[in-house]
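Participant: Protein chains in written order, with the working numbering: chain A, 5 to 444; chain B, 475 to 1156; chain C, 147 to 540; chain D, 525 to 625.
Every clue listed holds true.
Far from chain C, some chain A residues (derived; all Cβ distances over 10 Å): (1) E181; (2) T244; (3) S379.
So the derived label-pair ranges between C-beta atoms look like this: (4) D/A555 <-> A/Q257: 39 to 47 Å; (5) B/Q543 <-> D/T608: 28 to 36 Å; (6) B/L548 <-> A/H74: 18 to 26 Å; (7) A/D328 <-> B/G879: 53 to 61 Å; (8) B/D597 <-> A/T177: 54 to 62 Å; (9) B/E1071 <-> A/S94: 51 to 59 Å; (10) B/E696 <-> A/S94: 20 to 28 Å; (11) B/I1102 <-> A/N9: 54 to 62 Å; (12) B/Q684 <-> C/S184: 49 to 57 Å; (13) B/K700 <-> A/T391: 29 to 37 Å.
Only some residues are given here: those of chain B computed to face chain A with a beta carbon under 7 Å: (14) G502; (15) S531; (16) V675; (17) Y966; (18) V1053.
Calculated directly from the structure, the hints in this document are not laboratory data. Positions of the beta carbon are idealized from the N, C-alpha and C atoms, including for glycine.
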Amino acid sequence: MENFNVDTLVIGGGIAGMQAALDLADQGFQTALVDHEPTIGGKMITLSKVFPTLDCCSCITTPKMSSVAHHPNIQLLTYCDLQSIQESDSGFRVAIVQKPRYVDAHKCTGCRKCEYECPILIPNPYDRGLGAYHAIRVPFSTAVPQTAVLDMDNCILCGKCEKVCPTQAVTFTQKPETFEVQTRTIVLASGFELTPLEAKKEYGGGLLHNVIDPLMMERFLAPTGPYGRVLRPGDGKEPTSIAYVQCAGSRDQSLGVEYCSRVCCMYAIKQAMLISGALPMAEITIYYMDIRTFGKGYEQFYQNAQAMGVEFIRGKVAAIHEDDQQNPVVKVELTEDGRVVERTHDLVVLSLGMVPSPGSAGILELPLGDDKFISVPAPNARPCHTTRPGIFVTGTAMGPMDIVDSIISASSAAAATSAYIRAHQNGQASPKPQEEAVYA
Amino acid sequence: MPEKKISNNETPSSEKVRVGVYTCHCGGNISHVVQCERVAKMLGKMPDVVIARTDPSFCSDSGQAVIEQDIKELGINRVVIGACAPSLHEQTFRNTVTRAGLNPYLYHHVGIREQDSWVHPNDPEGATDKAIRLMAAGLAKARLLTPLDPIRLKAEKHTLVIGGGVAGLRAALDIAHQGIRVTLVEKSPFLGGRMPQLESVFPTDEEARQLLNKLIQEVTAEESIKIITQAEVTGLSGYVGNYNISLTQHSRGVDGVTTEALMAACTQETPDEFNYNLTQRKVIYQPYPGCYPPTPAVDWEHYDGKPLQVNGKPFHLKDEPHNIELTVGAIVMATGFDPYEPRQGEYGYDQIPEVVTLPQLIRILSRIPKGEPLTWNGHAVRDLVLIHCVGSRELDGVNQPQADGQVNNYCSRVCCTASLHTAIDMRQRFPNLNIYELYQDIRTYGRGHEEIYRRAQNAMVRFVRYHGTELPEVLPAPAGDTHPVLVRVKDYLTRGKEIEMGVDMVVLAVGMMPRQIDDLVKMLKISRGTDRFLLEAHPKLRPVEMSVRGIVLAGTAQGPMNIQESLSAASAAAAKVAVLLGQGQVELPPFVARVDESKCNGTGACVEACREEGAIAMQTFKENGREIRRAVITPANCTGCGACVGACPNRAIDVQAWTLGQYEAMVDAITMEIPAILENVS
Amino acid sequence: MTQRVDPNILTELKAFGAMGIEKCTNCGNCTAICPMASEDEHFPRYMIRLAQIGMKDELLGSKELWLCYNCGDCSETCPQQAEPANFMAAARCYAVTHFAPLKIGYLFCRTPLLGGFITVLMVLFFGIFFYGERQTVATDSLKLFHFIPRDLVHNAGLAAMILIGLVSLMTIFTMLVRIARVNNLSFRNFFNGTRMNWVQAFWEAVVVQSLAQKRYREKCEPSQNSVKWYFSKWFVHAATMWGFLGLLLATALNFLLDILGVKATGTFVPLWYPTRLIGTLSGLLFMYGVMVLLVKRWRSADKAHSFSRPSDWIFLILLWLSGMTGFIIEIALYLPGAPLWGYWMFIFHMAVSLVLLLLLPFTKFAHAIYRIVALYVHALKPVAKPVTAPASAD
Amino acid sequence: MSDEQVSNVSRGEMLKSLREMHAASVEQTQALLREQKQMQQSICQIIRETPKTVPEIAAEIGKPSHEVLWYIAAFKKYGIVVETGKCGDYPLYQRAKETQA
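Only chain A is shown next, with the shape it has when bound in the complex (with noise of 0.2 Å):
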């Protein structure tokens, strides 16, 4: 890979980078977008449909997705990791290391014969593990880019992969490569992680097979999903009787998380709608301190599911054990009327916050707040930027927020990054020169 310049690198190709860079793209600068995995889209792109229209998530974020690989002012980085930052004068130095794929990106063609060929199957991610792929696979099929990755820690190097493949893309010689990218600015968009599932013992430590997190759940709904259906992944049953713990890894200090993750309740209420459609007979109750639905649509998101049958109970869920068909058992406290209660659900869903995802902010150098994510100085005046000049934050890198506020949230970034931008623009080069105008 060669060095190169650009005027912005966005970091992390979730629904917020790609959004930031298509916006930078559009007006014209270059951007280089560079994310850890294999493939763009981030958390989005595995999320069944999205409230509260309940449009299909694919259909949001894949063509997302692909305008973003097909942007001529936009240089796609993945399966990269930051290395080094370093200040320089017309902005910032950074240091990418390319991870083998053990795939010649540019002979890989995505037709997955490697995939169907490869032996070992191991958990796939981007079903929370508990689906499989192969050690070597395409992601997932909606990808981008479509090119195959190998999982070396999980390869026995039987060769049959690099056998079948038509273009002899596979090569396993392949080493780390570092290059050099110098931009002007950069656009955080590290995004999030949820609070590990293990987090509370009280709730199972994460040892309870129908005790899933809420992405799971996101998967099970998604017509990619593991299992096609919903299920629960303890024995495969067909769930009749379903219940969410509301704040589950957020506003408590018993786990270090004190803020509201401000996404969960939403995404509660619209699980229970779409599980609702897929398996009608179903029973759904959700566990609540407080409801937020303070979005636009959203309150009446959530007295649409009142009327669905969703059952809405006010009361913090304390612990969850199981009984001896692996049901998993809820010990809650009905604070509207003063009953302590233990119900018996076929399948629960923790409603799981957000933390920050590790990684960048270091490399940055960029101080955190007191929720660890990346802290803001001026959130009433100027709320994507960060301590350091010429470096911008957006999306769930500043902060837990939902994929409206995180798509608005990018286009300030962008804003904010080309005003920046034109500010210091040092006789380098500007935006593309416009074209002739064409009258009709």
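Using the hints, position chains B, C and D against chain A.
Facilitator: For chains B, C and D alone, kept in the frame of chain A given last:
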């Protein structure tokens, strides 16, 4: 998108039509109901269809690649895609087709999600049948498609920002930073909107006016921003890239020289809106010290017209409104919000003097000097109740509808945090004050907001949880009670026990209502949602754009937001404007009327039928020595509504890509009996 | 019935040591995690709520306060770190203050200095009293009941017993009255149990739960961290309680033997003599329990012991002193000759033990009374079921 | 090892040296593969003739049901098993028609 070359737009009509038909599963949205494979199989048997495929999602990169490949390898020259609504991905597929070297208008999009699978979830058979018909109709149309070119127009690199509140100011500044000229128009005589009425803002506890002044300074320092106050949009024509705007600006009424004398001479008073009518101000006024512009202005609406006595001489204040015309490429709607005004008697509002709204309380608090106790209505306030969700989260059948018959069933997003923030402030300033918050759910969702909730708890603010179906009651206390007002509520943290609080002041945390901008909405032909706020084109694909191209949204005109969110939305709006106007040109779809010269004999019916200004006109041509009157279209002004098509007695006008011939073919295909379709196939 | 909110109760309870309780958002985690809470007895959340809106009568009239064994699970898992266990302890202190006559408990719950001072004063008073009544010192062997006349000791003990008996009855009565009022019961309900005979309830409360500590044993051990059995909450508490009861029994038996003329109090007996043996073994058990409890409090070992009220300390210290002095006396008894300090220690022991008994209704010790009553009412569950029906139907 | 070297040695030798380089992970993965093969054999054998639910399969081969489900999901994805209806709340799975031995 920057220069996308449109090539191969000269597909000769004689060329053999080769259609590719693609039925999308839409990630299950369609395939869960419609048997897509069957649709594809049926369509595959129809004439001219070269290939019929299905895919989990054609909009994905791999899906698009399939289509591209077919065009290149199978020589497909017409593309029919059955998928979601065209509003979502028509553009996506246009780009796909273009990339493959085909004219983008040789592709037709059939909405079999919104029009079929979503509306017939319980009738898979019927839905599949319907999908086949819709697709067959699409195919019939696609056969008749001709290559078209988009209309490219020079775009004015100039933006109109309507509204001088924090969102408007931010949007103006960010747009100016992208090298685009801005005219900021504000209805009132002063900038700042609602923000200066706040004191300290959460979560940073900064001074609202200080923050705002910084922003105003930046805006006023920017040469490419022109600020016009006391002005309203009174006329609008044109289209994206070239909107012609008429503004009417009122006089400020005072000029620099006599300002102070005039202010001194002015005696007429009127309720001060800045303090939510709690106080009086003169009709010549500055809302607050340090406002911008600093020059006072005359409140023409309330001015009684009587001359002032200045230095013993009568002085007449006169409003001489004048018009300003400008051409802009885009419009930013930053018209803001109004606090919900409770109706008389709602929680005792406007009946019991102890009942005020939260915005009023903030003004009241700002007027109490440091160290002095809180008094209201002539007595010390020891106990105070804040009621949440007033004018928000209302329920049909529980809350009384407003004048327009609606209830505000949305959440206003900011009131929870604002109430708690104010409560903390009060507990700090008046340590003996006891505060109750009556809430349904505490929605401190934002970054640092939960911390505010915690601070309020640590400050011993009391919380009482009511149900939206059983609202609290505010009553005057019987004589001899320790407090003037009683608040009764069923507390759902105490098993619904009915409790009562004696209080000295009741504060209603009122929600947000959109500004009254009916005229603008009509003029711009933009849409509002059921909540009456302005409606974005799509909450995720185009969250700050309206469906009318060139009009973008900033701040609370779109829905309740706090300051930080307004700023973000405003900056996002600026980014969209920059993308739209940055290239200096815009592309309009070619779906405009076209006159078939051979058929037009100049009846003029089309001109009469046309609703757009300057879209169609009669012109006289000399042909073979004869003078012929014929209709001529100005594509830029035509919206493609088709009114002229219906009016023409000679079928001489058609809308491009939506011609009568195409419609007829579609209708024939859609009404064909299924056996007939099959026959047709065999 | 509409009730007027009293905002002052919570503030008052904070002064009783309910630190952090203002952070409570009523999420219900504490009640759900509580091993003692059940369908009908829901606490701590509901107790906290009563305090938040100032429902003083309901709070004081609740048996739930006394069903809590302070295992600390609620505080351990509280999402807000509002320390509900702490609140319950404070509320019990508050209740003790209200139930016992003359609000003497207030001193011991709220004012560490004054409470401690009064305790010391009382000990001094009895010390001086016994010192004033002392007789000759025997030097050949320790003849304690010659030093302080046997009858005097017996009479003082009897008087103290009668006094605290009366006071305890009063406090029990006050508590029952409140429970009755809050639950809309008549006082007779407590004795004509419908489904469960009140004798049975008594058996359940006194023997099964209080002596055998069934619920404590079964429910109050933290499930997560495995503690050695001899450090388990239940064992430490049981050691203290049974040790104390054993000592009481030994004393009573001695008294009985004296009345029956089998053996005069204070005559020398070998270590294996039944009453002596019971006393020594109980004493060892007792000292072990008290020591562990003291160390736990001192180290704030867990959430349940993170905060201590003066009343907790005074009670524990008195227990420790009485146990410790008892052992020193026993050592003196078996030493050759009659060390003089044995006599002084005896005076001190008498004074401390008397004060311990006298403070029974006013310090943390009072839980021994109230918990039995609460457990009794609990055992009468069908009668005591709250008649204020939940306002919300499902 | 540079590209030049690779082209000079035979493919077999290259793989061999690579295997040495990744000895630990290869050995681990080979063990995993054996387990997977065995699992696949025993599962497929059970459901070759009659479709069964996950708990039934798990009971027959004596493995935890969540593990069996993981394999079933994987096999289903790659076309080795198919779903053939339901037994109560549990879907039934059967070996797909084999295209090759």
